Amino acid sequence: MAEENSIFVHDLCKHFDGFALNHVSFRVPKGRIVGFIGENGAGKSTTINLILNELKKDGGEIQLFGRENTASSVKENIGVVFDECNFHDVFTALDIEKVLSGVYKSWDGNLYRQYLEKFQIPLKKPIGAFSKGMKMKLSIICAMAHKPKLLILDEATTGLDPVVRDEILDLFLEFIQDEDCSIFFSSHITSDIQKIADYVILIHQGKIVFEEQKDDLINHYGIAKCGKEKFASISPEDYIVHREGSLSIECLVRDKEAMRRKYADIVIDHATLEDIMLFYIKGGATCGD
Amino acid sequence: MEIIISNSSDKPIYEQICIQIKSLIMDGTLAVGEALPSMRALAKDLHLSVITVQRAYEDLTRDGFIETVSGKGSFVAAQNREFIQEEQLRIAEALLQQAAEIGRTHGISYERLSSILQLFYEE
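Those sequence lines, one after another, are chains A and B.
Taking our numbering, the leading residue of the first sequence gets 204, the next gets one more, and so forth.
Taking our numbering, the leading residue of the second sequence gets 87, the next gets one more, and so forth.
Worth flagging that the hints you see were computed from the coordinates, not collected in a lab.
Be a bit skeptical, because a hint or two may be false.
[Unchecked claim] Straight-line C-alpha distance at most 25 Å; calculated DSS-like pairs for lysine-lysine:
#	chain 1	residue 1	chain 2	residue 2
1	A	K465	A	K233
2	A	K321	A	K335
3	A	K428	A	K459
4	B	K158	B	K108
5	A	K459	B	K97
6	A	K485	A	K459
7	A	K352	A	K327
8	A	K465	B	K97
9	B	K158	A	K352
10	B	K158	A	K350
11	A	K308	A	K278
12	A	K338	A	K327
13	A	K233	B	K158
14	B	K97	A	K428
15	A	K410	A	K428
All figures in this text were calculated on a predicted structure; none of them were measured in a lab.
Using the sequences and the accompanying hints, generate a full structural model.
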């Protein structure tokens with residue numbers, strides 16, 4: 204059964220001086236959390252701005268809920284959070300509600316208050332006195348309080364301490380309790396994505412390197428470690444990328460079980476999402492497959 | 087109901103969920119007809135992705151431990167606990183038989199084998 208898509212991007216291109224987004228295609232299925240990873244400058248924010256129609260695309264297709272992203276009606280269904288809090292320092296959470304409830308038809312005041320209470324955000328304190336974590340939680344709560352079907356977050360957990368990040372992951376999981384809702388979030392903190400994402404997309408130099416189910420990545424990928432002599436006996440088809448150190452060679456492998464069966468005396472470790480990302484980016488792998 | 091997930095285990099997380107729910111059903115902690123938490127709720131509690139939990143529930147359904155009624159959720163299936171135990175016993179018997187044969191042909195004493203079994207069982 205084909206899953207319905209909240210975001211569908213096909214063959215998206217955008218050219219700048221010195222940087223281009225090259226034929227980017229991926230999808231965010233309904234009810235899922237999709238993590239978008241890549242180093243700074245890989246094209247994550249450009250892609251998100253194109254999806255939000257803040258930038259004009261040069262080519263390709265972007266659909267939100269099955270419609271062109273330029274359609275006026277789609278915005279009401281999207282909640283967006285950027286890495287910086289855009290509320291003025293003198294405002295309080297109460298003031299923000301007054302403004303946003305006027306902007307969004309579907310604003311839910313009860314839900315807003317519930318979230319504020321749950322995440323201990325004071326109602327009457329000026330935002331200027333908030334910590335970075337509190338500001339970010341407030342931004343996310345605001346994005347959720349008009350009950351969107353899709354949350355798009357750009358580096359929303361960056362620069363926050365692990366306790367706050369964990370609370371934010373809670374908010375995310377709370378949000379997708381409704382199976383019509385989905386989340387697309389970019390981050391270079393791969394541990395957050397490793398915990399809760401259903402799918403992971405890696406972008407590098409404006410190209411999609413892979414789009415995979417997170418569980419498949421974590422359960423199957425591994426890192427094989429061996430000496431130079433042993434490495435010579437490994438067939439190049441059996442690994443994706445290798446990295447040479449002065450004492451040993453490490454290879455990223457797609458199927459650690461098969462690797463263990465084939466080469467008995469090699470150390471094979473689990474690969475974290477961070478390992479996988481580093482190997483692809485620093486190992487100079489060829490993109491796409 | 088308690089589920090404990092280890093991130094350093096060799097077993098994939100969906101398998102850990104699957105095994106633990108099976109044993110909760112087999113030891114009667116989860117009674118026949120009892121509702122399991124929804125996939126999304128369990129994912130939230132355990133801080134996992136929904137697909138991971140979904141995979142575990144699919145395997146449990148396939149093995150006949152739970153039934154999923156669309157729109158209502160998942161429930162412990164009315165299977166015969168004795169039947170499953172009987173079946174597993176047969177698998178264990180076959181493996182023990184193999185161990186006994188190895189022992190006999192290579193002069194490993196019965197006492198030694200049985201103490202090993204005891205050790206594993208209590209692990």
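If any of the earlier hints don't hold here, list their numbers in rising order. Structure breaks hints 1, 7, 15.
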